[in-house]
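Sequences listed follow chains H and L, in order.
Residues 1 to 97, numbered by our numbering, are exactly what the first sequence covers, in order.
Residues 98 to 335, numbered by our numbering, are exactly what the second sequence covers, in order.
Mixed in with the good hints, there may be bad ones.
With a cut-off of at most 30 Å between alpha-carbon atoms, the simulated DSSO-like pairs for lysine-lysine come out as follows [said to hold, decoys possible]:
#, chain 1, residue 1, chain 2, residue 2
1, H, K89, L, K135
2, H, K2, L, K261
3, L, K323, H, K6
4, L, K135, L, K256
5, L, K158, H, K6
6, H, K90, L, K135
7, L, K261, H, K6
8, H, K89, L, K167
It is worth saying that the hints were derived from the structure and are not from the lab.
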Amino acid sequence: MKVWQKNLILIALVVLLAAFPLWYCRDAEFGGADGMAGELIEETNPDYEPWFQPIFEPASGEVESLLFALQAAIGSGVVCFVLGRLTAKKPEGEKKV
Amino acid sequence: MKQNRHNHVRLPAAILAVLGLSTVSASAMHIAEGYLPKVWAFGWMAVCIPFVAAGFLSIRKKVERSPKAKVLLAMCGAFAFVLSALKLPSISGSCSHPTGVGLGAILFGPTATTVLGLIVLLFQALLLAHGGLTTLGANLFSMAIVGPLVSWGVYRGLKKAGAKPAVAVFCAAALGDLLTYVTTSFQLGVVYGNITEYLTIFAVTQIPLAIAEGLLTVVVFNVLEKYSAAELRELSVL
């Protein structure tokens with residue numbers, strides 16, 4: 001099997017893994033796990049006051065999603081740039097032929 | 098005609114607005130800002146300092162030995178950047194994200210990856226209010242020290258036992274990811290009690306995501322194995 005075929009199957013599996021919960025627990029809220037942990041702390045230790053606030057908080061959900069998209073875009077840009085340069089060369093085994 | 102053109106603009110704008118609204122503030126997993134008492138917050142930072150220092154030294158040594166590795170190192174950092182931006186739904190009905198540090202640990206060893214993890218965590222703490230500066234030490238310890246150490250150990254161990262590289266990479270990345278969140282659970286449990294509850298929140302949510310991270314790491318590794326086997330051998334990965 002060629003590398004791209006193998007990888008296509010692997011990526012399809014990842015998509016299935018991410019999609020399955022959406023179908024399996026349709027009524028779930030899909031909130032963040034860290035928010036749940038924060039709630040649990042507040043529940044079990046009602047006296048606890050977070051002693052430090054984030055210096056900068058995204059102004060809204062939109063701004064936050066912008067920054068997250070930016071993070072993913074920068075990352076995948078670099079990853080794909082490097083992989084593109086690597087794959088532009090012939091693979092090791094075929095070089096000598 | 099003019100009216101028509103306006104509609105063309107308005108419809109996509111409306112769709113974008115709806116999409117934007119539906120993703121309102123879903124933070125994901127690191128320990129949030131201010132949620133560790135001062136003793137623990139500073140204690141974890143102190144624990145991390147030697148690892149970060151060793152990481153800088155290790156990177157310098159590896160880059161000196163094989164300058165080509167710089168490009169791969171940048172890619173490992175970028176890979177962690179992408180994966181920790183992807184908040185995925187899980188079977189527990191909540192969301193979390195992979196860490197993406199397994200790849201770096203396999204290629205460059207655990208301490209070099211600590212530095213990569215530090216960059217990701219700083220970005221998220223400063224710009225996204227995700228994780229935090231006071232909890233940076235604790236989050237760095239779980240995601241950029243324990244996770245990479247596990248990944249690196251599992252990869253080396255399985256390779257020595259004669260497993261196929263792809264299998265070793267999958268197990269290494271998945272276990273490193275999972276153990277990161279187990280560590281987070283313990284870090285909170287030690288302070289607040291209820292370790293098992295934190296384990297169900299973090300670790301159970303993480304199981305399918307850890308598998309996803311393992312698969313994605315193998316995707317990148319497959320390409321590297323075919324096209325830069327020489328560099329991988331130089332880093333004694335293969």
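Right, here's what the structure says about each hint:
Distance hint between K89/H and K135/L is unfulfilled; the C-alpha atoms sit about 52 Å from each other, more than 30 Å. At most 30 Å may separate the alpha-carbon atoms for a hinted pair to count; K2/H and K261/L meet this at roughly 17 Å. Distance hint between K323/L and K6/H is fulfilled; the C-alpha atoms sit about 12 Å from each other, no more than 30 Å. Simply put, K135/L and K256/L have alpha-carbon atoms about 41 Å apart, too far for the 30 Å limit, and the pair is violated.
Of the supplied pair hints, the one linking K158/L and K6/H is violated, its CA atoms being roughly 34 Å apart against a limit of 30 Å. With a C-alpha separation of about 54 Å, the suggested pairing of K90/H with K135/L is violated against the 30 Å cut-off. For the given pair, K261/L sits about 15 Å from K6/H by alpha-carbon distance, which is consistent with the 30 Å threshold. Of the pairs offered as hints, the one joining K89/H and K167/L holds, with about 18 Å between alpha carbons and a cut-off of 30 Å not exceeded.
Of the numbered hints given earlier, the model fails hints 1, 4, 5 and 6; all others are met.
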